[in-house]
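Chemist: These protein sequence lines are chains F and H, in that order. Quick note on my numbering: the first sequence kicks off at 1 and runs consecutively. Quick note on my numbering: the second sequence kicks off at 1 and runs consecutively.
Across the chosen pairs, the derived CB separations fall in these ranges:
hint	chain 1	residue 1	chain 2	residue 2	range
1	F	Gly192	H	Ile376	51 to 59 Å
2	H	Ala378	F	Arg309	48 to 56 Å
3	F	Met432	H	Thr360	30 to 38 Å
4	H	Val392	F	Arg311	26 to 34 Å
5	F	Gly355	H	Arg305	56 to 64 Å
6	F	His28	H	Glu298	33 to 41 Å
7	F	Gly192	H	Tyr66	27 to 35 Å
8	H	Tyr66	F	Glu132	22 to 30 Å
9	H	Val392	F	His28	27 to 35 Å
10	F	Gly192	H	Arg294	42 to 50 Å
11	F	Gly405	H	Ile376	48 to 56 Å
Think of the hints as simulated: they come from the structure by calculation, not from any bench. Note that the structure is predicted; figures quoted are calculated from it, not measured. Heads up, the beta-carbon is just placed ideally off N, CA and C, and yes, glycines get one too.
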Amino acid sequence: MTETMRLDGIRAGRLGPEDLTRNFSDLHPRFSDHEALVAADRCYFCHDAPCVTACPTDIDIPLFIRQIATGMEDAAARTIFQQNILGGMCARVCPTETLCEEVCVRQVAEGKPVEIGRLQRFATDSMMAAGEHPFTRAPETGRRVAIVGAGPAGLSCAHRLAMLGHSVTIYDARAKPGGLNEYGIAEYKTPGGFAQAEVDWLLKIGGITVETGRTIGAGLALEALRNDHDAVFLGIGLGGVGALGLEGEALGGADNAVDFIAALRQQDDLTQLPIGRNVVVIGGGMTAVDAAVQSKLLGAENVTIAYRRARDRMPASRWEQDLAASHGVRLVFGVVPHALHGDDRLREVELAYVGPDMAPTGETFRLPADQLFRAIGQKLVAVEGIALEGGKIAVTGAGRTSVEGVWAGGDCAAGGQDLTVTAVAEGRDAAMDIHASLTDGRV
Amino acid sequence: MADLTTDFVGIHSPNPFWLASAPPTDKEYNVRRAFEAGWGGVVWKTLGAEGPPVVNVNGPRYGAIYGADRRVLGLNNIELITDRPLETNLEEMARVKADYPDRALIASIMVPCEEAAWKAILPRVAETGADGIELNFGCPHGMSERGMGSAVGQVPEYIEMVTRWCKQYYDRPVIVKLTPNIADIRKPARAARNGGADAVSLINTINSITSVDLDLMAPEPTIDGKGSHGGYCGPAVKPIALSMVSEIARDPATYGLPISGIGGITTWRDAAEFMALGCGSVQVCTAAMTYGFRVVEEMKAGLSRWMDEKGYATLDEVVGRAVPNVTDWKHLNLNYVTKARIDQDLCIKCGRCYAACEDTSHQAIGMSPDRTFTVIDAECVACNLCIDVCPVEDCIDMVRLAPGETDPRTGKVVKAEPADWTTHPNNPGAMAAE
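Kindly generate the complete structure, drawing on both the sequences and the hints.
Modeler: In structure tokens:
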């Protein structure tokens, strides 16, 4: 702890460069060769394995682990990439504790699953570090597909279509491709510029052009895309963030958690990134945890996550909750923000206790707060002409929207979990459906 | 506390755990440390004839087979007998024996198959005060190319001849160490008894190539691009050793011949199993080479504790106790009918039993849509494979059908009285046997 940690307000340099480097290093470093062999040996090679069923991309997990166990991590990587071309990122950010590892028979039996996520990273890192791309592109079909959004769904869709010989252009609003992989995930889960390295590696398939700074609805019209391409895939994510609707929200210091995370991810020198002494995060998902933990890692003295429901309803997994708690983040349940207090800037957040029905109990309390992060979910920025369902793009089958020739997948599409891995699955499956429609079912 | 003191053919030791003749017993320094660590006896690294000693390779002598986390399951070696002068070994043996009179010290010997050679070395060994000798007719590598070791052990006539010389020129116990690299282990054991041996010890190492270096295209361990077969030992060889020990223990021609058991003994339980099959002492090498001399503490404490639990006061009550239950296949009770039963509370639903049974056996395990695995009695032949591949101990049981119950697989009522192949109607020799 440094003296600067006790200075009020939002300021940069609470921690020195060495502390910051240590704090933002890899949460789970890659297994060494021997660690991987030992971890792989724990896999029982289950029949009809529950982990495969639990994986949104249906990776043949027992097979790739057996390939690691026999010293063939590149073969293992190919097994993974066949199903999930972003297997490298998913190995880092998947909430495996609620997916494959939750249903691992060794989790059920011993409370200690096979470390599938880390084994996946071992295999994928091996191949990617060698710069080897495992697939080759089919002969050019002459078909052109537009993909809007270079996040996990768009990249997955693009790769599959390009592999099948179609010509793909990806349009993305941001300066860099990658979507939430680049802008929305905690730094310690994917350090070392991995997101961009992964995009570069993925593009080695060929046949994909990326145009950044192109936003749908702002100079990029869906109708024009439809006219110029044989198919369109929307993987635009959720660009809007809700306000709390509170008095005092205009005070300096109330920010969106996603913007904070994006700024952190794009900041080369973290000593220059300001953070409050006292930080309150409103929300209960992984974005709330990512924002809270990273606030702590930047040197905030007191960080509180305020979630409106009980712990067991929290969207962030127990593992994520424990990660936050282990970093000294305080978790408060059954509270909603009631008011923001301050003069020239935010000084306190007043929270109100609520019952299970969200009705206030009448009791409130105040927490010192220099900074508040809203992590209360993102909203779709609607695309004109596309039917919605529950605030997201309505889809049927493998991502077909209400508009002929337009598919959608990832967070912007209705249904499914808003996870990187489900976005990859939806992008891949939409690609296969687009391919089928472009080739009259001759898949 | 159970009494672990051992009297093996008149050789006394405070416990039955001896270090086998091998690298750990090659010199005074090691043997003193072994005795300090608590080993009951030591069979000194094999002595050769007077003269320039043998030489060993200067590259790797050992190769290993690993289980998970590099646990050594099997070890292979191409080391020869002692490469130190005979005189040096004899002097050291005498000193050590004098300082540890309560421990067993046995000299392993391998000299050419000539009466003069044995006649020359035996008095020298006797002078050391060693408690007995072990004839190394077992090493399968190197020395066998020179007509010694397993080259002798594979010819029963030579075994009998050399044993007879030893009994003639040496007045303490003679143990004959047998090679497993032979079709029928009973033949060399009978030859040893016929020659007057006091005991046999087995098994020596098994011919082996640990692995092949696929870059060099050469067997391992590799010496300058070439490899030679070595002798295999360690936990992996234990089942082979147990079987060979049991063959000798129940052969009428060698019945009662004392046996010193060797082959992958790593824990007290391994030792108890060898003793149950007739071994009056056990010899250990790979476990010590893997973990150091301290492992003997676990062996002594475990064996003693187990004997207390079972009410065995002395080793004599254990030795050979399982021998009457080793029999020929034809005497196994065919009216003993069991069915696999899966304990659903213990089952972790890995499905390994299902894959094994469905793909490779009798299609006797069913799988429901929610991955519940149940045995289909009408198909189950009780082969045990499901239990063998199940990762959960005691999850699958073999439950015996009571007499009077109908086996749904055969439709036949289970009979109370035993019946075996010798009386089975399908056996063409059944009538003749009666």
